[in-house]
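Here is what each chain is made of, one letter per residue.
Protein chains: 2
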Amino acid sequence: MATAGKSALTARAEDFPRWYQDVVARAELADNGPVRGTMVIRPWGYGIWERLAAALDERIKAAGAANAYFPLFIPEAFMQLEAEHVEGFNPELWVVTHGGGKALEAPVVVRPTSETVINYYFAKWIQSHRDLPLLVNQWSNVVRWELRPRLFLRTTEFLWQEGHTAHATEAEARAYALRILTDVYQETIVDVAAIPVLVGHKTARERFAGAVRTWTCESMMGDAKALQMGTSHELGQNFAKVFGTQFSDTDGSLHYPWQTSWGASTRLIGALIMAHGDDFGLRLPPALAPVEVVVLMVRDDEGVRRAAVQLADDLRRAGRRVHLDDRTDTGFGRRSVDWELKGVPARVEVGPRDLAEGNVTLVTRHRRTKEPVALRRLLDAVGDLCDRAAGELRDEALAFREARTVEATSLEAAIDAGASGFARVPWAEVGEDGELQLAGESLTVRCLQRPDGTLAAAGESDDALVAVVGRAY
Amino acid sequence: MATAGKSALTARAEDFPRWYQDVVARAELADNGPVRGTMVIRPWGYGIWERLAAALDERIKAAGAANAYFPLFIPEAFMQLEAEHVEGFNPELWVVTHGGGKALEAPVVVRPTSETVINYYFAKWIQSHRDLPLLVNQWSNVVRWELRPRLFLRTTEFLWQEGHTAHATEAEARAYALRILTDVYQETIVDVAAIPVLVGHKTARERFAGAVRTWTCESMMGDAKALQMGTSHELGQNFAKVFGTQFSDTDGSLHYPWQTSWGASTRLIGALIMAHGDDFGLRLPPALAPVEVVVLMVRDDEGVRRAAVQLADDLRRAGRRVHLDDRTDTGFGRRSVDWELKGVPARVEVGPRDLAEGNVTLVTRHRRTKEPVALRRLLDAVGDLCDRAAGELRDEALAFREARTVEATSLEAAIDAGASGFARVPWAEVGEDGELQLAGESLTVRCLQRPDGTLAAAGESDDALVAVVGRAY
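Protein chains in written order, with our numbering: chain L, 1 to 473; chain R, 1 to 473.
Just chain L, same shape as in the assembly (with noise of 0.2 Å):
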């Protein structure tokens, strides 16, 4: 177990950037890498991410998508072939020249997305109106050019899932599409790691470069600003077009398939930091913390270790994911303080003092707050814990958002209202124009909704639905 420097975290409210920083590096969750942008993702934000990533696997198995892997390595050809992805692209690109010692016949780049080679492959795949649905998805890493890089926010490299399908009808691509959005990212952002999202599609100027319709989950972090979480885009014909993939229908005539892509990253763990983070550092729902429980021996006595092992298997047996801190050569109270900074969701501490009267101390990480328990009511008052702390920081979450969002009635309240939140604002008050004046403010327009929160449908104009503004990272 490795060790956290000694002094305090930057206050959030002092400077939330800072505060930001010194969670990543005190909470032990990554480091800087040595070529710039990089990242080295260390086992305690590993280990978020390893749950995280298993929760959104198990969401798209149940959509039917397959796992499959494709290369690396592009052809920098394939990157030239669609028009807007290109302009997306290709400032960002990271290219081999070289390999094997020698200079390479044709430079290939390292994908930064892999809708180029994988409709490459779709081409081939897809014949038959047999061979549609295709629906796969891949986890990779994938590597861009950052000018401002921050760890898991924006980093040259990172890690992801990003999913491909080819539908026969642009209504079944479309309702895919929005299953990817709801059934997949929603839920395990909204269930699994405890943060609140608001739904609704990019305008055009926002949207991802190949795309037709973006749908994006938005979420508000502690400093008020907008982090989005995971997109699923609707790419019409585009890329098959461009690849030349077609399939036979039953009558024998040839169609264009309609596509999706669809992803969500380690950014995702920059998200659980500064929407649920406090003062003190991390705040872990219990389904995504690597460590649901510490015992921590108070200090080195016979009986509390006989306590505290007997209390750490009892916990293990009721299927609690426990660690137990014997490390008394290091103080009690240091070690108290890298649980917390770990945001790791109960702490048990066990010391011959309350021993003695049948007790254990347990903490309530989210709460921060302290209690003595009967050795007897452990296991019960830990799975209390553990069941209500993922409904608590979501609703502290919401409130916070709900807190920080304005109903604007026009452009100039929202760009007010954006400054330190939220404005939600109708987007026939805004449009393209108006875009380019948030774009001025340092704002976006985060999606679009029905002023009841929900997704637009199919050929639903955008005149009655509501912008969402903010700043976003």
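Treat the hints with care, as some may be off.
Identical copies look the same in the list; a pair holds intra-copy or inter-copy alike.
[Unchecked claim] Computed cross-link-like contacts, EDC-like style, restricted to lysine to aspartate or glutamate with a CA-CA straight-line distance of at most 16 Å: (1) 124 with 28; (2) 370 with 354; (3) 370 with 384; (4) 102 with 146; (5) 102 with 441.
Because the hints were derived from the structure by calculation, they are not lab data.
With the hints as your guide, set chain R onto chain L.
Frame of chain L; chain R shown alone:
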């Protein structure tokens, strides 16, 4: 579900490499990537990898290592620090020279393995004896220049896990390297993949670039050639010295830690194909099969459909991974051949004639036997089949290896025998000169082990050991 071509596979006896290629293509395991030597792992192949990786990951975690992630891009200068490592890897590097539209100030290599970048961080993270042992593992892609790529066996990019650890003493590092060899690699390969292995250590000529000792698991493939399945290296203090990693002991004195690294890759999918495959395709041990049981509707008929859906549900409820094949617009024979190619352990054929007698037909893939089974007995029969399959595949592979292994007493005899299998010959008869002679015959020493097949102890001389000689992939 995509389709398979109609032609039969090349017979193994006729042309084993071509048979291998046929299986990879027809079972839809992988495709060649657009950049030379790269690979697309298709859903069926990736499903096998997910199960293999999970089996390895579970055992790696049980051995105390935590997963983490280090960057894909490594400064070129890092690769030049450890002399043997430089020599081993420099000819294989892929180099990025451009990013964000400009030439990079310093080129970066795409990781061929991560010893250098991980040791750069170990030097930061390891200060005290309290920080040891440090046990990390990474699941990632790596890239190496390959002159003669072959899908799964030798590809420019492959997926793997690489573990890296640091310990206070040489004895502890050695014990850990061996624990990984036996409790992670040997156990996964033998118990889960059902492939028998020989364990031992590499000669100086064959060991990993930068290691002081390389431990290995070696298996015999269906053409009697050897495949290296997983290796675990004792790195001594080589990398610690190069990166200046030191820890202060309890008495305040400074020491270099002792290190290990170890890896296994998607090459194991190639091993599964070649160790168990037959002239009809892949034969998968149930634990690694994405689908354990396929329920095939022989033709579309209401009774058939009702029975097939019911059986599939019953099998699922019994915990089996089941696929219901209701594509009755494709011929039954063709679908049977496809599932056989894919190596699904159990096939349940549901047709009207059998049903009239209260039966279905159960086909055991690895034995290619068919038998009528009463509907009420099917769950038990499938359970029995899945319980027996791995053991029977392993016994078959072991019998083959034993039949193709010769106890040789001289180098000449070993060279003779090595042409058609393995030779076990006293290392004293071989030596470094003998290894050169073997190389001239396209043979290598796969590993050194005691005459009884066990591993040499610390400090034990190679003189009394046996060399396992064979042709290798």
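We went through each hint and held it up to the structure:
1. In this assembly of identical chains, residue 124 and residue 28 lie within 16 Å of each other by CA distance solely across copies; the values are 12 Å between and 45 Å within a copy.
2. Taking the shortest Cα distances, residue 370 and residue 354 sit within 16 Å of each other inside one copy (13 Å), while across copies they are farther apart (67 Å).
3. In the homo-oligomer, the alpha carbons of residue 370 and residue 384 lie at most 16 Å apart inside one protomer (14 Å), although the nearest pairing across protomers, at 53 Å, exceeds that limit.
4. In this assembly of identical chains, residue 102 and residue 146 lie within 16 Å of each other by CA distance solely across copies; the values are 13 Å between and 28 Å within a copy.
5. Taking the shortest Cα distances, residue 102 and residue 441 never come within 16 Å of each other, neither inside one copy (49 Å) nor across copies (30 Å).
The structure fails hint 5 only (numbered hints given earlier).
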